[in-house]
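Number of protein chains: 2
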Amino acid sequence: MSLVHDTSRCFAEAIGTDGLDHIAFERVLQQTAPSIDKLAAIHEKAALPLLELPTARDDLIQPAAVAERLRSSDQVLLLGTGDSSLGGQTLAALAESPFGLRPGRPKLHFLDNIDPLTFEALLRTLDLSRTGFLVVSKSGGTAETLMQFLTVLPEVERAIGRERAAERFAVITEPHSNPLRRAAEKRGIEILDHDAGIGGRYSALSLVGLLPAMIAGLDPIPIRQGAAEVLDQALQSSPRDCPPAFGAALNVALLWQKRIGTCVLMPYVDALASFGLWFRQLWAESLGKNGTGTTPIRAMGTVDQHSQLQLYLAGPGDKFYTLILMPRAGTGGRVAPESAADEAIAYLVQRSMGDLLDAEQRATLETLAANGRPVRAITIPQLDEHTIGALMMHFMLETIIAADLLGVNPFDQPAVEEGKRLARDYLAQMASGE
Amino acid sequence: MSLVHDTSRCFAEAIGTDGLDHIAFERVLQQTAPSIDKLAAIHEKAALPLLELPTARDDLIQPAAVAERLRSSDQVLLLGTGDSSLGGQTLAALAESPFGLRPGRPKLHFLDNIDPLTFEALLRTLDLSRTGFLVVSKSGGTAETLMQFLTVLPEVERAIGRERAAERFAVITEPHSNPLRRAAEKRGIEILDHDAGIGGRYSALSLVGLLPAMIAGLDPIPIRQGAAEVLDQALQSSPRDCPPAFGAALNVALLWQKRIGTCVLMPYVDALASFGLWFRQLWAESLGKNGTGTTPIRAMGTVDQHSQLQLYLAGPGDKFYTLILMPRAGTGGRVAPESAADEAIAYLVQRSMGDLLDAEQRATLETLAANGRPVRAITIPQLDEHTIGALMMHFMLETIIAADLLGVNPFDQPAVEEGKRLARDYLAQMASGE
Chain S
453 MSLVHDTSRC FAEAIGTDGL DHIAFERVLQ QTAPSIDKLA AIHEKAALPL LELPTARDDL
513 IQPAAVAERL RSSDQVLLLG TGDSSLGGQT LAALAESPFG LRPGRPKLHF LDNIDPLTFE
573 ALLRTLDLSR TGFLVVSKSG GTAETLMQFL TVLPEVERAI GRERAAERFA VITEPHSNPL
633 RRAAEKRGIE ILDHDAGIGG RYSALSLVGL LPAMIAGLDP IPIRQGAAEV LDQALQSSPR
693 DCPPAFGAAL NVALLWQKRI GTCVLMPYVD ALASFGLWFR QLWAESLGKN GTGTTPIRAM
753 GTVDQHSQLQ LYLAGPGDKF YTLILMPRAG TGGRVAPESA ADEAIAYLVQ RSMGDLLDAE
813 QRATLETLAA NGRPVRAITI PQLDEHTIGA LMMHFMLETI IAADLLGVNP FDQPAVEEGK
873 RLARDYLAQM ASGE
Chain W
453 MSLVHDTSRC FAEAIGTDGL DHIAFERVLQ QTAPSIDKLA AIHEKAALPL LELPTARDDL
513 IQPAAVAERL RSSDQVLLLG TGDSSLGGQT LAALAESPFG LRPGRPKLHF LDNIDPLTFE
573 ALLRTLDLSR TGFLVVSKSG GTAETLMQFL TVLPEVERAI GRERAAERFA VITEPHSNPL
633 RRAAEKRGIE ILDHDAGIGG RYSALSLVGL LPAMIAGLDP IPIRQGAAEV LDQALQSSPR
693 DCPPAFGAAL NVALLWQKRI GTCVLMPYVD ALASFGLWFR QLWAESLGKN GTGTTPIRAM
753 GTVDQHSQLQ LYLAGPGDKF YTLILMPRAG TGGRVAPESA ADEAIAYLVQ RSMGDLLDAE
813 QRATLETLAA NGRPVRAITI PQLDEHTIGA LMMHFMLETI IAADLLGVNP FDQPAVEEGK
873 RLARDYLAQM ASGE
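So the protein lines, in turn, are chains S and W.
Its first residue numbered 453, the first sequence is counted upward by one per residue in this note's numbering.
Its first residue numbered 453, the second sequence is counted upward by one per residue in this note's numbering.
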């Protein structure tokens, strides 16, 4: 299995009275059985497109061609916000080092915001004739994405002409007629259809996440295989042997029985920084409704030990911690005896950077537990396509099952419409000079 | 004044019963008066070095020379973690666009973690002969920073020879003898002394934050002047006219009277992303002790409207929001009539990216308030050295005064020592093969 779950430090016998009581937890865990059965039945009927993605292959043909076309650029800008960007960011992070390009692959920039200063700096710096653009809005009506697209496109047209500009773009949107689709059609820009049955924050395994991954040079098949492995095991299991159900029950039991309303996801892997933000949206937007839900926080090991650990250990006991760990011993640079000829740091001699990272992650796990903080560890064998697919499917299922326990719909986000309407009103008022 | 505070939407008369009652709030606010008096007295006696930084100038002479020396590099790597890095990150973000260098200035990379994959990618990519290094550890004993330094230094020595390597480095540490200082002395690496009276998370206005800022091309004087403006106003005021005291009282009154234990800092300015992380450490590590404190979260506008706003509006009412806003109307690219000839997006025609950003930030402010969520707005006129200095001093004072209200010491972090000791033990066990 790709993911190894250690949940022992969530229980009273390991961490004292702040941990869960096994019998009370069991009652919550058993409430997940109907969710597993329901998901299995839906999967059997192929009624939820998300669950069919792990074995889909035909939908990758057009993205492969588009990825090939855009890869001729020096850099590719992804225009899109929220879940139109985070899945791709998470996957592309596996292929991109923070300090340069993978040889022969364009550098991906994910523009998920509308700060004019960022955009001005961008347009000043890039050679637009050697830049590709992927524009993603599932509804096709996202104001920020349309603003990005409609201000950048004329610049590219001015730089290289209208026809060549169209060849530098691709658009992902739903099949229904919408502003982004109509604008793309008018200009002859290639459109990739996104299945409207796959909600935004569950779209990372669709072409929304996989096309950026393919541009970055990843293979989409093992990503989906990793997801399939988790899905298959989850839907054939009792709650106790179904890691997503067990995880959902932990979160909800801690909320109900211990008033723990914050969940901290803390990977000890730099390349999972975006994964943490992807999870943060998935969890917040799926569960935060009807006055319930818990608040997700993305922390990073080891750096946030020097920022947040004081609060985590000695502040209010209102958090549940999930550490994502990866064995590192022996990897990275090693401290030579002569370079640390100082008794005070003898403990570092002959140790590698990976040794220290291993020691730190183990120490944080044990210290949280010793301070009565419920903490689980999910250990991955290595970071590759298969593992990230498995992680994504795990957390999508955990989120859906947690929503069932909390009695909320994991697939809607009704509260954000009001703000969108207000923003349009304010924009209209500027228009009329009010 | 650089900062304009609007706290009206924290009170019941604006947002309903979830807001604060004015009379009850007043009792908390008046409790801040002794804190202001105490800080004024300390400042009068020059007894807290942090408060003397805004008017200090002599301590900038050596950093100016070191910045000049390191600026001859193509890139400068800052090795250091937590507060040894976040202040510099926050300031350098003003000078660096995310897409390239300011002409004639080296690119700064802040390496605040010890992931071997990140380091391997780095060493593979960079020309070490054209790279400068700034190593920061105030105690001089931070395991992660020593590991970074002791594994990178031999690589540089191998690439360009021992003597030239030393010229590429500079070290910031406290004056007492410590492992980092001894290692630097042995190799003839220049050392800059950090005042041991200035705690790590309060060090952004010292050379720990200002040297990276100077390398990036910023002027340190207006940063300190912005801080001085806030400090002077704060210490001469009654609590009602002292924005840091008012802000501290808001946080604590919401915790005590409304059980609001999470504070969300949400800038609508990309370049303040690191500022949000700097604040997050300042607040968490200063207040999170004795079972109290509130949990800081960094969100970003507008992108997190598409990620976290559903939770913020419709999840549990356990959060206090601080939006940092900046007027943007009329800035950035503008949507031409012909590029949006579609009735469905007529609201975007002739609007600029900055117009949309203004409308969005106003809409989020009003929507949070309309949903009974306490929210304040801090508006900055523009983002420059003066403003960032003002913001930093504001939040340092707000944190110190909040600590007084909560009865905790804002300057210590006793809980994290246990984890550090454990990590060393585990490393030692690896050494002996256990």
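Be aware that one or more of the hints could be misleading.
Any copy, or any two copies together, can satisfy a pair, since identical chains are not distinguished.
What the hints assert, rightly or not - Here are the computed lysine to any residue pairs in the SDA-like style, where the Cα-Cα straight-line distance is at most 25 Å: (1) LYS497 - ASP510; (2) LYS490 - MET882; (3) LYS490 - ALA517; (4) LYS490 - ASP645; (5) LYS559 - GLY769; (6) LYS872 - ASP794; (7) LYS497 - GLN527; (8) LYS638 - LEU546; (9) LYS559 - ASP877; (10) LYS497 - GLU548; (11) LYS638 - GLU837; (12) LYS490 - ARG814; (13) LYS559 - ASP526; (14) LYS872 - ALA725; (15) LYS872 - GLY824; (16) LYS710 - THR744; (17) LYS872 - GLU837; (18) LYS490 - SER629; (19) LYS559 - GLY713; (20) LYS497 - LEU512; (21) LYS872 - GLY782; (22) LYS497 - ALA680; (23) LYS710 - GLN677; (24) LYS710 - GLN834; (25) LYS872 - ALA466; (26) LYS490 - GLY556; (27) LYS710 - GLY556; (28) LYS559 - ARG576; (29) LYS638 - GLY613.
Treat the hints as calculated values from the structure; they're not laboratory data.
For each hint, the structure was consulted:
| no. | hint | result |
| --- | --- | --- |
| 1 | LYS497 - ASP510 | within (19 Å within a copy, 74 Å between copies) |
| 2 | LYS490 - MET882 | neither (49 Å within a copy, 47 Å between copies) |
| 3 | LYS490 - ALA517 | neither (37 Å within a copy, 68 Å between copies) |
| 4 | LYS490 - ASP645 | neither (28 Å within a copy, 64 Å between copies) |
| 5 | LYS559 - GLY769 | neither (42 Å within a copy, 41 Å between copies) |
| 6 | LYS872 - ASP794 | between (60 Å within a copy, 19 Å between copies) |
| 7 | LYS497 - GLN527 | neither (41 Å within a copy, 56 Å between copies) |
| 8 | LYS638 - LEU546 | neither (35 Å within a copy, 39 Å between copies) |
| 9 | LYS559 - ASP877 | neither (37 Å within a copy, 41 Å between copies) |
| 10 | LYS497 - GLU548 | neither (38 Å within a copy, 53 Å between copies) |
| 11 | LYS638 - GLU837 | neither (37 Å within a copy, 45 Å between copies) |
| 12 | LYS490 - ARG814 | neither (37 Å within a copy, 42 Å between copies) |
| 13 | LYS559 - ASP526 | both (7 Å within a copy, 20 Å between copies) |
| 14 | LYS872 - ALA725 | between (28 Å within a copy, 23 Å between copies) |
| 15 | LYS872 - GLY824 | between (42 Å within a copy, 18 Å between copies) |
| 16 | LYS710 - THR744 | both (15 Å within a copy, 16 Å between copies) |
| 17 | LYS872 - GLU837 | neither (36 Å within a copy, 33 Å between copies) |
| 18 | LYS490 - SER629 | neither (33 Å within a copy, 65 Å between copies) |
| 19 | LYS559 - GLY713 | neither (38 Å within a copy, 40 Å between copies) |
| 20 | LYS497 - LEU512 | within (22 Å within a copy, 70 Å between copies) |
| 21 | LYS872 - GLY782 | between (51 Å within a copy, 20 Å between copies) |
| 22 | LYS497 - ALA680 | within (16 Å within a copy, 67 Å between copies) |
| 23 | LYS710 - GLN677 | neither (37 Å within a copy, 47 Å between copies) |
| 24 | LYS710 - GLN834 | neither (34 Å within a copy, 44 Å between copies) |
| 25 | LYS872 - ALA466 | between (47 Å within a copy, 21 Å between copies) |
| 26 | LYS490 - GLY556 | neither (45 Å within a copy, 61 Å between copies) |
| 27 | LYS710 - GLY556 | neither (52 Å within a copy, 56 Å between copies) |
| 28 | LYS559 - ARG576 | both (17 Å within a copy, 17 Å between copies) |
| 29 | LYS638 - GLY613 | within (15 Å within a copy, 60 Å between copies) |
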